[in-house]
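**Student:** Numbering (the working numbering), first residue to last: 1 to 226.
A hint or two may mislead.
[What the hints assert, rightly or not] Have a look at the derived ranges for each label pair, beta carbon to beta carbon:
1) Pro34 - Asp212: 38 to 48 Å
2) Lys112 - Asp66: 23 to 33 Å
3) Arg159 - Asp117: 20 to 30 Å
4) Glu196 - Lys144: 15 to 25 Å
5) Lys65 - Lys188: 33 to 43 Å
6) Asn198 - Ser111: 30 to 40 Å
7) Arg126 - Thr67: 18 to 28 Å
8) Ser148 - Lys81: 41 to 51 Å
9) Ser155 - Gly64: 40 to 50 Å
10) Ile63 - Lys182: 27 to 37 Å
Source of the hints: derived by calculation from the structure; they are not laboratory data.
Note that CB positions come from ideal geometry on N, CA and C, so glycine has one too.
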Amino acid sequence: MITSTLQYLLAFGLTLSFNFGNPKPIQDNSIFLPDTTVGSKIITDEIAGSAYRKSAKGYFLIIGKDTSKFTCIFSDSKDGKYVSLDFIGKDNQTSYRERMEHLRIILPFASKDYKMDSLKSIYFGRLVNNGDIAIYLTKNYRMKFGKSDKISNYSTISRFIEKSKLCSDINLIFKPYSISVKKVMVEKVFFTSKKELNRTSKIETKPSEINDKILDCLTWISLKPL
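Construct the entire structure; sequences and hints are all you get.
**Tutor:** Next comes the structure, spelled out in structure tokens:
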């Protein structure tokens with residue numbers, strides 16, 4: 001059953017479909033590689049949870065002539081109390097490592113438009129769409145809980161992810177903004193196929209090191225001040 005907190009995150013943080021306005025490149029590229037800029041797009045279409053939103057804006061990298069399909073969407077609530085972050089990545093063009101690098105580069109620019117101390121949640125979408133971190137979590141899940149495909153209860157899965165590399169990475173990236181992971185919430189947990197993993201994500205892990213079945217779920221991370 002979805003908790004009231006998760007119901008709020010579903011309404012406010014889950015972006016399913018949207019249209020962008022014209023791209024607006026941000027010119028200050030002093031913190032990352034030459035020939036790389038951060039672009040931003042105002043979301044103008046009706047989106048899931050729009051009744052709760054005041055504004056929504058997507059940020060992405062432009063590297064040379066190529067625009068990344070991985071977009072970090074920030075949105076704030078109408079009452080101005082909450083900011084959420086959604087990861088949107090189409091196809092299998094950015095690995096988990098690259099997504100974390102993109103996020104690190106994007107944050108200084110997003111922080112000019114949104115109050116980072118009001119950022120309360122991150123929606124990752126399906127775990128399998130984030131490639132290598134799903135592989136990593138699957139390996140560790142098997143080590144901890146065994147080879148059975150029977151899913152542990154959701155609170156156990158949530159606590160397991162809270163102690164994982166995923167949350168360690170988020171804590172590291174958001175440390176300059178005095179934000180850390182509060183808790184993880186999951187829904188629709190199951191084991192998907194290696195074929196689905198390859199279809200939906202860019203993978204850097206060697207094929208021989210990938211389990212035949214991959215842990216998958218919808219994943220939210222709630223945040224708190226340090």
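**Student:** Given a hinted range of 33 to 43 Å, is it respected by the beta-carbon distance of Lys65 and Lys188?
**Tutor:** Given about 38 Å between the Cβ atoms, the range holds.
**Student:** Take the C-beta atom of Asn198 and the C-beta atom of Ser111, compute their distance, and say whether it sits inside 30 to 40 Å.
**Tutor:** Holds, at about 35 Å.
**Student:** Arg159 and Asp117, beta-carbon distance inside 20 to 30 Å?
**Tutor:** Given about 26 Å between the Cβ atoms, the range holds.
**Student:** Holds or violated: 40 to 50 Å for the Cβ distance of Ser155 and Gly64?
**Tutor:** Given range 40 to 50 Å: holds, Cβ gap about 45 Å.
**Student:** If I claimed the Cβ atoms of Ser148 and Lys81 lie 41 to 51 Å apart, would that claim hold in this structure?
**Tutor:** 42 Å, holds
**Student:** Can you let me know if the beta-carbon spacing of Lys112 and Asp66 is within 23 to 33 Å?
**Tutor:** Between Lys112 and Asp66, where Cβ atoms are some 24 Å apart, the hint holds.
**Student:** CB of Arg126 to CB of Thr67, is that within 18 to 28 Å?
**Tutor:** 23 Å, holds
**Student:** Is it true that Ile63 and Lys182 lie within 27 to 37 Å of each other by Cβ?
**Tutor:** About 33 Å separates the Cβ atoms of Ile63 and Lys182, which means 27 to 37 Å holds.
**Student:** Range hint 38 to 48 Å: satisfied by the CB atoms of Pro34 and Asp212?
**Tutor:** With a Cβ separation near 42 Å, Pro34 and Asp212 satisfy 38 to 48 Å, so the hint holds.
**Student:** Take a look at whether the Cβ-Cβ distance between Glu196 and Lys144 falls inside 15 to 25 Å.
**Tutor:** 23 Å, holds
Figure legend: structure checked against the earlier numbered hints; every hint is met.
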